[in-house]
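As a plain string of letters, each chain reads:
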Amino acid sequence: MKKRYVYMLLLPGMLFLLLFMIVPILLTIGSTFFQQGSFTLAGYLHFLTDSYFLKILWTTLRVSLVTTLVCILIGFPAAYYLSKLGPRKKGILLALAIFPLLTSSVVRSFSWMVILGKKGLINTLLVAIGLTDEPLDILYTPTAMMIGLVHLFLPLIIITLVGVMENIDPDLLKAAESLGASRFTAFRKVILPLSVPGLIIGSILVFVGSLTAYTTPALLGGKQRVISTFLYQNAMTLNDWYYASVVATIMIAITFIVIGVMNKLAMKLNPKG
Amino acid sequence: MALLSLENVSVAYENQLILKDFNLQVEKGELISLLGPSGCGKTTTLRLIAGFLEAKQGAFLFQDKDYTRVPVNKRNFGFVFQSYALFPHLSVFDNVAFGLRLRKVKEADIVKRVGQMLEVVNLSGFEKRFPKELSGGQRQRVAIARALVIEPDLLLFDEPLSNLDANLRVNMRVEIRRIQQELGITTVYVSHDQEECFSISDKVAIMNKGVIEQLGSPAAIFKYPKTEFVARFIGFTNFLNGSERQERDGQVELKVAGHSFLIASQAGNEGRTGKKCAIRPDDLQVEAGHGSTGEPNRLNGIVKISTYLGRSYQYVVETALGNFTVNQEMDTPYQNGQQVSLVFPREKLVLVD
Ligand SMILES: Nc1ncnc2c1ncn2[C@@H]1O[C@H](COP(=O)(O)OP(=O)(O)O)[C@@H](O)[C@H]1O
Ligand SMILES: [Mg+2]
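Keeping their order, the protein sequence lines are chains Z and F. Residues 1 to 273 (the working numbering) make up the first sequence, in order. Residues 1 to 353 (the working numbering) make up the second sequence, in order.
Worth flagging that the hints you see were computed from the coordinates, not collected in a lab. Do not rely on the hints blindly, as some may be mistaken.
[To be verified] Quick list of in silico lysine-lysine cross-link-like pairs, DSBU-like style, CA-CA up to 30 Å:
no.: 1; chain 1: Z; residue 1: 268; chain 2: Z; residue 2: 84
no.: 2; chain 1: F; residue 1: 304; chain 2: Z; residue 2: 268
no.: 3; chain 1: F; residue 1: 223; chain 2: Z; residue 2: 174
no.: 4; chain 1: F; residue 1: 304; chain 2: Z; residue 2: 174
no.: 5; chain 1: F; residue 1: 106; chain 2: Z; residue 2: 268
no.: 6; chain 1: Z; residue 1: 174; chain 2: F; residue 2: 255
[Unchecked claim] Label-pair distances were calculated between CB atoms; the ranges are:
no.: 7; chain 1: Z; residue 1: 163; chain 2: F; residue 2: 12; range: 51 to 61 Å
no.: 8; chain 1: Z; residue 1: 69; chain 2: F; residue 2: 65; range: 45 to 55 Å
no.: 9; chain 1: Z; residue 1: 118; chain 2: F; residue 2: 74; range: 52 to 62 Å
no.: 10; chain 1: Z; residue 1: 74; chain 2: F; residue 2: 1; range: 50 to 60 Å
no.: 11; chain 1: Z; residue 1: 101; chain 2: F; residue 2: 13; range: 15 to 25 Å
no.: 12; chain 1: Z; residue 1: 3; chain 2: F; residue 2: 318; range: 31 to 41 Å
no.: 13; chain 1: Z; residue 1: 84; chain 2: F; residue 2: 23; range: 28 to 38 Å
no.: 14; chain 1: Z; residue 1: 183; chain 2: F; residue 2: 119; range: 27 to 37 Å
no.: 15; chain 1: Z; residue 1: 17; chain 2: F; residue 2: 115; range: 15 to 25 Å
no.: 16; chain 1: F; residue 1: 13; chain 2: Z; residue 2: 111; range: 38 to 48 Å
no.: 17; chain 1: F; residue 1: 235; chain 2: Z; residue 2: 163; range: 38 to 48 Å
no.: 18; chain 1: F; residue 1: 13; chain 2: Z; residue 2: 167; range: 18 to 28 Å
no.: 19; chain 1: Z; residue 1: 129; chain 2: F; residue 2: 69; range: 42 to 52 Å
no.: 20; chain 1: Z; residue 1: 167; chain 2: F; residue 2: 28; range: 35 to 45 Å
The structure presented is a predicted model; accordingly, all values stated were derived computationally and were not measured. Virtual Cβ for every residue (Gly too), placed ideally from N, Cα, C.
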């Protein structure tokens, strides 16, 4: 087949995306700037001066950021370990690591409710061994959301990091050691910088995923709102599609800003990667 | 006492013994190469010396100190990898400076020493480039500079030229030898290329299945291979298996199925007690027509295959003792099926074990 025609294979997918994703998104974004036929920024002014919304925005960003950091801290060593394994063991362990992605987020969140609740596994245990007299409030807090989100998104960062780390020539570590580096220094000066691309992509996936996740924060957050649950409330409960569209646009803007900043960071940390 | 000494070392991967009772001595300032077919344990030996691998048994002495348990980063050995192993995220300058920074050398001195070293390997002006932006030969030279700049006590090369094209290989091996001699640095060099090893080494160790079959100067090995394996590896293709052996008049007589072969005794041949001898295709001679049977060092046969090699013709000649390969320069070649006789010059036959 001629190269030109190969691009035709993309056509059905592109058309689908254009019709059912790009166009609706653009319409939604466009609609936020018009009320009764005239241009306005009223919707944005309303939210950006509303302390309730700003608090939700702050909670969302905080939860997403902490989730991303925890995923990096847990995922990085795990990915490094996995990347060093033989193909068989690695296959099995990777499949296990991906498992949370394959289960329904409703089921996953309900199991966390069982574990984190007032009469849940953790509180029963804490009270039984006398660490606390009263059960702790874990469920329906931002902490519960973070736990659920880390569980959900850890596989993403592990998969991307394993992919990058597998391709690092093991002789590089040996070279660093032969030049006088301890194991740890060699890791810090070679593996770490060369993992930056995977770290950035993984972080974007986790951060944006956390930012837009709905089920997990809805079930584990209780009355704690994040942007996505607030958006749902506006659209479905309050039936206010205008405000819902404004919130959606703000969410999209934040997503793009995050991706942009992370890419800048990647360029800076790894100019020739 | 040798600078470096491996004493009865054994190395195993997952219970599979790769090196067994391995011994090797390297003197200060010399370049010794390990030569052998793929899989014979050359890299394993080099990694053992570097400290990437631990010996199951035996000792590794360096400057009369026991280095067996000294970790890689405390050995101060330079290692040049087959794939160069340059740090892709660092510039040429930072690659070469890597070892100096770890040694906390002052930045001004680093600039000076890296500059000098890049001059030695002819790469001045490339400081800001990244490995991706270099040719294979240039990467190779960065790898050498990076290993040399730390002023290592020993330099280790693992097939450093095998990823380069033929012309560059010849240039680079001359370069490596020049640098090694200029700096007087003790070097262990691994390759499976005979010409490469012979051209740059003070000594060559021919390895087979985890054992050194012969260690000596390139000339000594080239002329007097000790075993059949070594002989085959360096281009001897013709072998005679004798059943009787006699020594007289300063020469050895081998009887091979009734045929008699006389072998001149020479210094390099001394102490060989086997009944087998070898000869190179270039040293064997072929004459038209059958000679008298019973004449020593002569075999009658017929040409089976004839190949044009450019400067000479190569014939496979079938005889009562099997097939022999001979190269001969001539204007009009022999035809397939033609009767010829092979002459085995006394001073070209080599006794092997
Ligand atoms: N990491 C390893 N695990 C298991 N076996 C290995 C490993 N590395 C090398 N070997 C085996 O050890 C033998 C010697 O290998 P090596 O020293 O690399 O040979 P060479 O460098 O001479 O080609 C080979 O049979 C090879 O299959
Ligand atoms: Mg090898």
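Evaluated hints:
1. 268(Z) with 84(Z): holds (28 Å)
2. 304(F) with 268(Z): Judged against 30 Å, a Cα distance of about 69 Å means the pair is violated.
3. 223(F) with 174(Z): violated (38 Å)
4. 304(F) with 174(Z): Between residue 304(F) and residue 174(Z) the Cα gap is close to 53 Å, so the pair fails against 30 Å, i.e. violated.
5. 106(F) with 268(Z): Cα-Cα ~26 Å, so holds.
6. 174(Z) with 255(F): With Cα atoms ~55 Å apart, residue 174(Z) and residue 255(F) exceed 30 Å; violated.
7. 163(Z) with 12(F): 51 to 61 Å: violated (33 Å)
8. 69(Z) with 65(F): 45 to 55 Å: Hint holds: Cβ distance 47 Å, inside 45 to 55 Å.
9. 118(Z) with 74(F): 52 to 62 Å: Check passed, 57 Å falls within 52 to 62 Å.
10. 74(Z) with 1(F): 50 to 60 Å: holds (53 Å)
11. 101(Z) with 13(F): 15 to 25 Å: Violated - the Cβ-Cβ distance for residue 101(Z) and residue 13(F), about 37 Å, lies outside 15 to 25 Å.
12. 3(Z) with 318(F): 31 to 41 Å: Given range 31 to 41 Å: violated, Cβ gap about 56 Å.
13. 84(Z) with 23(F): 28 to 38 Å: holds (33 Å)
14. 183(Z) with 119(F): 27 to 37 Å: holds (33 Å)
15. 17(Z) with 115(F): 15 to 25 Å: At 54 Å between Cβs, range violated.
16. 13(F) with 111(Z): 38 to 48 Å: Given about 44 Å between the Cβ atoms, the range holds.
17. 235(F) with 163(Z): 38 to 48 Å: Cβ of residue 235(F) to Cβ of residue 163(Z): about 47 Å, so the range 38 to 48 Å holds.
18. 13(F) with 167(Z): 18 to 28 Å: holds (24 Å)
19. 129(Z) with 69(F): 42 to 52 Å: Since residue 129(Z) and residue 69(F) have Cβ atoms about 45 Å apart, the given range 42 to 52 Å holds.
20. 167(Z) with 28(F): 35 to 45 Å: Because 40 Å falls inside the window, the suggested range holds.
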